[in-house]
Every structure is written in structure tokens, then in C-alpha cells.
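Chemist: Residue numbers (our numbering), protein chains in the order written: chain A, 425 to 528; chain B, 39 to 204.
Source of the hints: derived by calculation from the structure; they are not laboratory data.
Where hints are given, some of them may not hold.
Said to hold, decoys possible - Calculated Cβ distances over 10 Å to all of chain B for the following chain A residues:
no.: 1; residue: Glu-435
no.: 2; residue: Lys-436
no.: 3; residue: Ile-447
no.: 4; residue: Val-462
no.: 5; residue: Tyr-463
no.: 6; residue: Glu-473
no.: 7; residue: Ser-474
What the hints assert, rightly or not - Cβ-to-Cβ under 10 Å is the rule here; a few derived chain A residues that face chain B:
no.: 8; residue: Leu-431
no.: 9; residue: Ile-456
no.: 10; residue: Phe-466
no.: 11; residue: Arg-478
no.: 12; residue: Gly-485
We put the beta carbon where it would ideally sit given N, CA and C, even for glycine.
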Amino acid sequence: MSASTPLSKVEKMLQACAPGYTIRLANHSRVIHFGGKVYRTFPKHDPVESGHIRKLIRFLGIDASCASKHLPSVIKEEQVQTEPATHGDKPSLATTRKRAAKKR
Amino acid sequence: MNELIHLHPLVFTLQDVVTGCGFLAGIVVTGKAVMEHEDGKWWMYGVCPGAIAGSGDTPNEAFVDFRNRYKEALFDMAEECAGFPAFRDSVRSFFDQTDAQENARWDEALKVLRKNERSISEPFKNLPRKQPGDYEVGIRIDRLEKMTEAALKPSNNIQDSLAKAA
Chain A
425 MSASTPLSKV EKMLQACAPG YTIRLANHSR VIHFGGKVYR TFPKHDPVES
475 GHIRKLIRFL GIDASCASKH LPSVIKEEQV QTEPATHGDK PSLATTRKRA
525 AKKR
Chain B
39 MNELIHLHPL VFTLQDVVTG CGFLAGIVVT GKAVMEHEDG KWWMYGVCPG
89 AIAGSGDTPN EAFVDFRNRY KEALFDMAEE CAGFPAFRDS VRSFFDQTDA
139 QENARWDEAL KVLRKNERSI SEPFKNLPRK QPGDYEVGIR IDRLEKMTEA
189 ALKPSNNIQD SLAKAA
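Okay, chain A solo, but in the shape it has when bound (with noise of 0.2 Å):
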């Protein structure tokens, strides 16, 4: 199994980085509501693989900087970038994560 998180953490970041959010449980996921969008996927168990962790937070817009401080073992700020490499010559976006990769 890859890294997990148990849920009580990243229950503590939501609250401090997207207040205002609503998590239930449906069925088979948790739905969590936040700034107008819907994440209806999020895993039941516990712990919370990161993955699922990255991509909630890619998702849902929530500022890297505040989620790297309270999950620094599952998002780094440079993990989350709002604008894709444009320039041949600079580090595109998957280069971007490619060297974060290796730091880890």
C-alpha cells in the first residue's frame, strides 16, 4: 500500500484551509462540499491513501502553501501549480513534479 494519512489529519486541514467545507458519508465515498464544488469520491477508509489526499485538494482549489503545512508528508507547495510551463525552455509542469519526486 502506498503512503496514507489517517483521516482525522486531513480533516484538520480542511478546517484550516478550506472553511466552510461539509464532508458526509454517502454509500460507498464521503462527499465533500467546498467553494461551490462537489468531491464525491473521497475514500471511506481510513487511512486516506494520498492520492486521493493530492487530488481532493488539486480539485477543490485549496491553497498548496496552507496544505503542505498541515500534510507536509503528502503535498509539497511545488506540487500544486495553478499554471502549466509554457516555454520550451523553462521546467515544464511535469519536470516541476518529476524533480519534487526525487527530493522526496
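Add chain B to chain A, keeping to what the hints say.
Modeler: Just chain B now, with coordinates in the frame of chain A:
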């Protein structure tokens, strides 16, 4: 793992039949996703629909997990039992909520892939390729029990498919 292409832009099609409270819905989705290797596993992240991720020890396992999570999301929406129009609206909203950051990653991954065609690794190398004109991203939601007998035909059946964008 390949040094250049570690983020794979994908296109998928899935067909489901879901029973709700008093209705039978047929859903066909053609969406976009990216796949990458993180934390020792393969992850498939949805672009549209955006609120979904699946993982596995192989790319195929990640696709199967992604597919099952998508199906479970449909089941959860059906279990809200608010009638077919509400179900249809929920499913459409689920699909329409694109992940903007993931979409940017998909576009960037496609650019990298087009510049490095010869560096595509297995098993992605052997996936079918879809050019932009080969598919239309979208979702179709039909109320099957209200369809006419003539409209219900075997040619409506669609296999699950996963392709790499080209």
C-alpha cells in the same frame, strides 16, 4: 520508468446502467484523465470528471479502480432517491466539474508526449491512440425504461476503453 514521459494523458469511455428509485438510467461517458507513478503506485486522476482518482500496482489496476470509483459515485447519486431529473442533474454536474489544474497537467503532458513519441513506455506504448477528432468529451444520460422498443438495440452497447491522447 521513463525519464521524459511520466505523466500520461488518457481518454476513456465507460458505459453503465444504474437502477434508481423508480427509474433505470443508461450513462455513457467519454472523459479525460492523467496517469502517473507516485508513492510506489500507479494513479489515475480525472480531468473530466475531475473529482475522482484511482490507484493500483499496474496501470490497468489503476484504471479498474478508477472505473469502480466512478461506478460507485453513480450508485451514491442514485441512492439519493430524488427522482430521475435530480439524478441526471447530479451526474451531469459531477461530469461538468472539470479539474482546472488537472486539465492544465493533461495539456502539458500531451505536449511532452508529442515531442517525445519514441519515449513512450510500456504498457502505454500499446494503448490505442486517439486524435482530438476521434472522440468527443461528454456524457449522455438516458432514461432507459422510457425509451421506445426501436431505440433499444444491441448497437447501443459500448465496451469500456482506455486510450492515450495523441
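Chemist: Would the hint on Arg-478(A) be counted as holding, given a Cβ-Cβ threshold of 10 Å to chain B?
Modeler: holds, 8 Å
Chemist: Given Gly-485(A) as an interface hint, is the shortest Cβ-Cβ distance to chain B below 10 Å?
Modeler: holds, 8 Å
Chemist: Next item in the hint list is Leu-431(A). Is there a CB on chain B closer than 10 Å to its CB?
Modeler: Hint on Leu-431(A): violated, closest Cβ of chain B at ~16 Å, above 10 Å.
Chemist: Checking a non-interface call: every C-beta of chain B should be farther than 10 Å from the C-beta of Tyr-463(A). Is that right?
Modeler: The claim breaks: Tyr-463(A) does not keep its Cβ more than 10 Å from every Cβ of chain B (closest is about 5 Å).
Chemist: Could you check that no beta carbon of chain B comes within 10 Å of the beta carbon of Ile-447(A)?
Modeler: holds, 14 Å
Chemist: So, as I understand it, the hint says Ile-456(A) touches chain B; can you test that by seeing if any CB pair is closer than 10 Å?
Modeler: holds, 9 Å
Chemist: Would you check whether the claim that Val-462(A) is not at the interface survives, using Cβ distances to chain B and the 10 Å cut-off?
Modeler: violated, 7 Å
Chemist: With 10 Å as the cut and Cβ atoms as the points, is Phe-466(A) at the interface with chain B?
Modeler: Hint on Phe-466(A): holds, closest Cβ of chain B at ~9 Å, below 10 Å.
Chemist: Say whether it holds or is violated: Glu-473(A) keeps its Cβ farther than 10 Å from all Cβ of chain B.
Modeler: For Glu-473(A), whose nearest Cβ neighbour in chain B is about 6 Å away, the distance does not exceed 10 Å, so it is violated.
Chemist: Using Cβ atoms and 10 Å as the threshold, tell me whether Glu-435(A) really stays out of contact range of chain B.
Modeler: holds, 18 Å
Chemist: Decide, holds or violated, for the assertion that all CB atoms of chain B are farther than 10 Å from the CB of Lys-436(A).
Modeler: holds, 21 Å
Chemist: Since Ser-474(A) was said not to touch the interface, does its Cβ keep a gap of more than 10 Å from each Cβ of chain B?
Modeler: violated, 6 Å
In this structure, the hints that do not hold are numbers 4, 5, 6, 7 and 8, in rising order.
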